[in-house]
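K.L.:
Given only the sequences and the hints, what does the whole structure look like? Please build it.
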Amino acid sequence: MEIFDVFLLETVLNGLLFGGVLALLALGLNLVFGVIDVVWICYAELMMIGMYAVYFLYTVHHVPLLIAFVIGIATVALAGVALHQFVIRPVLASEPINQLLVTGGVLFFLQAAATLAFGVQFRNLGLALPSVTLGEIMLPQSRIYAAGTALVAMLGLALFLKKTYLGIAIRAISQDRAIMPLMGVNPSRIYLITSAIGGGLAGLAACLLVLQYDVHPAIGLTFGPITFLVCVLGGLGNMLGGFIAAFIFAQLISIGGFFFHIEWGYVMAFVFFIVMMFIRPQGLLGKKR
Amino acid sequence: MNRPAWIAVAVFALLPLLGIGNYFLHLAITIMLWSFIYTSWSIMGRFGLVSFGHGAFLGIGAYVTTMLWNHYGVTPWIGIPIAIALSLVVAVLIGYPCFRFRITGHYFALVTLALTEVVRLIIVALRDVTGGSLGVTPDIALAGGQSFSLVAIQFAHKEVFFYIALAFWLFGLYVWRGIDHSMMRYAMEAISQEEDASESVGIKVTRTKLLITMISAALTALGGALYGQYQLYINPDTVSGVALSLQIVFAVIAGGMFTQLGPTVGAVFTLLLAEGLRVALGHEVHGLDSTIYGLMLVLFIIYMPNGILGKVLELRARKAGVAGAAKA
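As you go down the protein sequences, you meet chains V and E in turn.
Quick note on numbering: the first sequence equals residues 1 to 289 in the working numbering.
Quick note on numbering: the second sequence equals residues 1 to 328 in the working numbering.
Source of the hints: derived by calculation from the structure; they are not laboratory data.
Incorrect hints may appear among the rest.
Unchecked claim - Here are some chain E residues the structure puts well away from chain V; computed CB gaps all over 12 Å: (1) Gly-19; (2) Ala-85; (3) Tyr-174; (4) Ser-198; (5) Gln-260; (6) Arg-318; (7) Gly-321.
As the list claims (entries may be wrong) - Label pairs and their calculated CB-CB ranges: (8) Ala-143/E x Ile-137/V: 52 to 62 Å; (9) Arg-318/E x Ile-179/V: 34 to 44 Å; (10) Asn-22/E x Asp-214/V: 32 to 42 Å; (11) Val-120/V x Ala-280/E: 13 to 23 Å; (12) Ile-20/E x Val-120/V: 27 to 37 Å; (13) Pro-4/E x Arg-171/V: 56 to 66 Å; (14) Phe-86/V x Leu-93/E: 35 to 45 Å; (15) Leu-65/V x Ile-82/E: 49 to 59 Å; (16) Val-120/V x Ala-143/E: 28 to 38 Å; (17) Phe-278/V x Trp-77/E: 30 to 40 Å; (18) Leu-134/E x Leu-155/V: 37 to 47 Å; (19) Pro-4/E x Val-120/V: 40 to 50 Å; (20) Gly-156/V x Ser-182/E: 52 to 62 Å.
Quick reminder that beta carbons are idealized off the backbone N, C-alpha and C, glycines included.
P.N.:
See below:
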């Protein structure tokens with residue numbers, strides 16, 4: 001019985017750390033949705049761009065890892081701006097479902113373009129961070145960094161949105177799209193800045209994930225669906241809700257995987273999501289629609 | 001259907017007799033099977049019920065039929081109805097609460113997205129039974145040089161499947177047209193505009209949406225079963241999951257969501273594009289066809305949201321309008 005509990009505790013702790021990664025992924029998507037009112041279905045594919053960028057900079061061009069991270073984040077931020085400028089802007093006025101679909105098209109495009117450019121091989125940085133040992137519990141360092149960074153990023157974003165002029169303008173736009181232009185805020189500029197931040201957060205997630213996972217063209221399909229579900233469960237656009245939902249999901253996957261098999265963990269999480277949609281369609285902390 | 005359409009179908013049906021070869025036969029069968037599936041999706045999609053989860057129904061159709069045959073020796077003649085019944089149960093389980101609680105638009109799309117992942121993951125997780133990600137082959141019943149097995153619905157000659165696919169494709173179009181000419185269409189159009197207002201004029205919103213979803217799910221499951229019977233190989237990623245479900249949505253959008261032949265045009269266009277690029281560029285350049293395809297999808301949604309056929313019809317209507325105005 002003793003041994004069993006230690007393993008279970010390790011599972012729970014690992015789930016907590018995985019929750020940090022999911023929370024970070026959900027953060028950017030929620031920001032973009034809250035401000036621009038568009039779901040980037042291709043969000044995880046943007047993250048993939050960042051993972052490839054870091055991979056090639058580090059392994060092929062031998063750029064120091066931290067600098068590779070900075071360039072990776074900047075690349076994805078730029079990709080976010082490009083996505084907004086060339087894809088989202090033309091459909092901003094059309095039906096919401098078209099906005100959802102157009103980013104789905106980008107998903108296909110990026111996935112295929114990555115296959116074309118880099119092939120289907122799984123690539124990893126080839127550097128294994130050690131695990132931290134607490135008594136009998138082993139926790140991978142990369143996950144601890146990821147969860148820690150997610151917390152810091154969340155707090156940083158909250159401060160930015162609360163304290164700076166730009167942050168207040170962003171929040172104001174998300175509250176009333178029609179009035180803000182009259183108050184002297186240029187929505188197009190705010191949208192671009194938001195897209196850059198959203199992209200940057202995807203880039204940050206990419207840096208942390210590339211430490212733990214191999215990058216390949218279909219990696220987006222591994223993280224994409226779960227990220228939207230986390231956001232929707234938390235209440236689309238609600239960052240705190242997304243944060244909580246991320247930890248619930250991660251625990252379900254982790255514990256489900258412990259007792260059965262990892263796929264059953266995902267099945268449990270997705271079924272939980274479907275059931276929750278019926279109980280609280282507006283999300284855990286969402287406002288009544 | 002009018003006379004020119006019947007003649008076109010009759011000419012098309014003669015093609016296998018002219019000996020067009022197995023490759024073109026295979027292409028025609030694939031196009032018709034997917035056209036049937038895409039048409040089944042558009043039965044609900046055209047009314048704003050955009051499902052990102054039809055892979056769930058396709059997967060149920062293909063896997064339930066194959067599993068019953070492989071493990072219990074149940075003939076697909078019985079297996080397919082069981083699979084359809086199961087897909088109807090799933091459609092009700094997911095549809096009823098969605099429609100009852102007014103989950104629409106984005107949210108409906110994302111709930112169905114979760115559903116298709118659930119089905120894919122269950123197939124993978126039950127790998128002892130289903131073969132997991134490696135996929136599974138229905139047990140071949142054509143031992144000893146038999147050319148067909150009615151019990152197993154397996155045929156050595158592609159011609160037979162050509163006619164089966166043709167029949168189901170026409171059946172799909174027939175159902176589409178039946179709904180198009182029914183009161184349900186008006187009800188669904190009203191619902192897609194404004195649910196509360198529709199309810200207030202006596203439309204049973206939940207019941208109508210549920211019925212249309214069930215029809216769409218059942219036909220999709222049937223399509224999945226036929227796909228498995230024809231290909232004799234199924235794999236969780238080719239019959240379920242997010243990528244496949246999005247493939248369905250996009251092919252329909254490319255062709256045209258709001259016209260009867262739109263999904264068919266989408267199937268012809270996407271499959272010929274993929275095949276053409278594959279033949280032209282060879283296997284070495286992996287991913288080029290899908291890259292071009294993805295780029296075209298984005299451009300389609302931005303510049304012609306009604307799809308190829310929708311655009312053609314619109315241009316024709318405009319021309320006719322101009323001509324009519326000139327005459328007057």
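K.L.:
Now look at each hint and say whether the structure bears it out.
P.N.:
Going through the hints against the structure:
1. Gly-19: For Gly-19/E, whose nearest Cβ neighbour in chain V is about 36 Å away, the distance exceeds 12 Å, so it holds.
2. Ala-85: 21 Å, holds
3. Tyr-174: 27 Å, holds
4. Ser-198: Check passes; 18 Å lies beyond 12 Å.
5. Gln-260: 21 Å, holds
6. Arg-318: 20 Å, holds
7. Gly-321: 23 Å, holds
8. Ala-143/E x Ile-137/V: 52 to 62 Å: Once the Cβ atoms are compared, 56 Å apart, the range 52 to 62 Å for Ile-137/V and Ala-143/E holds.
9. Arg-318/E x Ile-179/V: 34 to 44 Å: Hint holds: Cβ distance 38 Å, inside 34 to 44 Å.
10. Asn-22/E x Asp-214/V: 32 to 42 Å: Since Asn-22/E and Asp-214/V have Cβ atoms about 39 Å apart, the given range 32 to 42 Å holds.
11. Val-120/V x Ala-280/E: 13 to 23 Å: With Cβ atoms ~21 Å apart, the hint holds.
12. Ile-20/E x Val-120/V: 27 to 37 Å: The hinted range 27 to 37 Å holds for Ile-20/E and Val-120/V, with Cβ atoms some 34 Å apart.
13. Pro-4/E x Arg-171/V: 56 to 66 Å: 60 Å, holds
14. Phe-86/V x Leu-93/E: 35 to 45 Å: 40 Å, holds
15. Leu-65/V x Ile-82/E: 49 to 59 Å: 55 Å, holds
16. Val-120/V x Ala-143/E: 28 to 38 Å: At 36 Å between Cβs, range holds.
17. Phe-278/V x Trp-77/E: 30 to 40 Å: 36 Å, holds
18. Leu-134/E x Leu-155/V: 37 to 47 Å: The hinted range 37 to 47 Å holds for Leu-134/E and Leu-155/V, with Cβ atoms some 45 Å apart.
19. Pro-4/E x Val-120/V: 40 to 50 Å: Given range 40 to 50 Å: holds, Cβ gap about 46 Å.
20. Gly-156/V x Ser-182/E: 52 to 62 Å: 56 Å, holds
Of the numbered hints stated above, none is contradicted by the structure.
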